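Trainee: Sequence:
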Amino acid sequence: MMFRSILWNGGRFLLLLAFASVCARADVGAEFAAANQLYEQGRFSEAASAYEKLIERGTDTTGLHYNLANARYKAGQPGAALAHWRLAESANPRQPDLALNLQFARANVPALRRSALEPWEGWVRHLTLNEWTALSLISVWLWTAILVVIRLRPVFAAGLRGYTLVAAMVTLLSLLGLGSSAWSRFVRPLAVVISKDAPVRYGPVEESKVTFTSTEGTEARLRESRNGWHRISLPDGRNQGWIRSGTCIVVR
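For reference, each letter of the sequence shown is one residue, going 8 to 259 in the working numbering.
Think of the hints as simulated: they come from the structure by calculation, not from any bench.
Hints should not be assumed to be uniformly reliable.
[Unchecked claim] Under the rule of at most 25 angstroms between Cα atoms (straight-line distance), these lysine-lysine pairs were calculated in the DSS-like manner: (1) K60 / K81; (2) K203 / K60; (3) K203 / K81; (4) K203 / K216.
[As the list claims (entries may be wrong)] Pairwise CB distance ranges, derived in the manner of DEER restraints: (5) A40 / R168: 35 to 41 angstroms; (6) T69 / P117: 41 to 47 angstroms; (7) A114 / A41: 30 to 36 angstroms; (8) L167 / W190: 47 to 53 angstroms; (9) Q110 / R245: 37 to 43 angstroms; (10) E231 / A40: 20 to 26 angstroms; (11) G83 / E138: 19 to 25 angstroms; (12) G36 / G210: 44 to 50 angstroms; (13) A114 / W190: 25 to 31 angstroms.
Source: prediction; values computed, not measured.
Idealized CB from N, CA, C, for every residue including glycine.
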């Protein structure tokens, strides 16, 4: 009897949970549609605020960042636009519309033209970190399987020699890509300046002397974070210092 009661109550709880999830998704869909309508009406700042509210509530998707970037660009905020295009690119790097919009923005806003990424990072970021992980796992398993077959059936060794070499090379390249992607995203992520003029200081305190002023849309590398401050370096490697965390968006 007790077991039946537990099953009944558990089933009711799961149904309520599923119903709440469906309602939440419906609410998100309605809010997303409302934000899109604001964008279509040319109310870009309001649309951007609506998209940001959805992201703050945990609805963090490629489409949201892409739409938010477009709205910020239309509202005359190229720095925030670049940051959210980059965030959308991290999740879906091969989206053609995103690449076209980013190319158009770089051509029209001088501050956006200089990327902080090295050429090899642009190639590595053509795959997401999850895709590099999956490719590495598959190649390792395949290579291991071939080696196991050769170990158990030495008669197949000669016929599988070529496959063994190819599998080893693919495994090496995929692991190198995975490591490079992780390094680019987590050790040296991007920091995009979103303020008009953001002072960069020698130390992480307001009293510290300003070493240079970074303009909106500047793309830098994040070196370190401490107590509401980020230490950044520009692509030239010489200009670096501490900037308030609220004046830039970190992109991994």
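Trainee: Determine for every hint whether it applies to the structure shown.
Mentor: Status of the hints after comparison with the structure:
1. K60 / K81: holds (18 angstroms)
2. K203 / K60: Holds, because 23 angstroms separates the two Cα atoms, which is no more than 25 angstroms.
3. K203 / K81: holds (16 angstroms)
4. K203 / K216: holds (19 angstroms)
5. A40 / R168: 35 to 41 angstroms: Between A40 and R168, where Cβ atoms are some 58 angstroms apart, the hint is violated.
6. T69 / P117: 41 to 47 angstroms: Because 27 angstroms falls outside the window, the suggested range is violated.
7. A114 / A41: 30 to 36 angstroms: Check passed, 32 angstroms falls within 30 to 36 angstroms.
8. L167 / W190: 47 to 53 angstroms: Given about 33 angstroms between the Cβ atoms, the range is violated.
9. Q110 / R245: 37 to 43 angstroms: Since Q110 and R245 have Cβ atoms about 28 angstroms apart, the given range 37 to 43 angstroms is violated.
10. E231 / A40: 20 to 26 angstroms: Taking Cβ atoms as reference, E231 and A40 lie about 41 angstroms apart, which means the hint is violated.
11. G83 / E138: 19 to 25 angstroms: Between G83 and E138, where Cβ atoms are some 35 angstroms apart, the hint is violated.
12. G36 / G210: 44 to 50 angstroms: holds (47 angstroms)
13. A114 / W190: 25 to 31 angstroms: This hint holds: roughly 30 angstroms between Cβ atoms.
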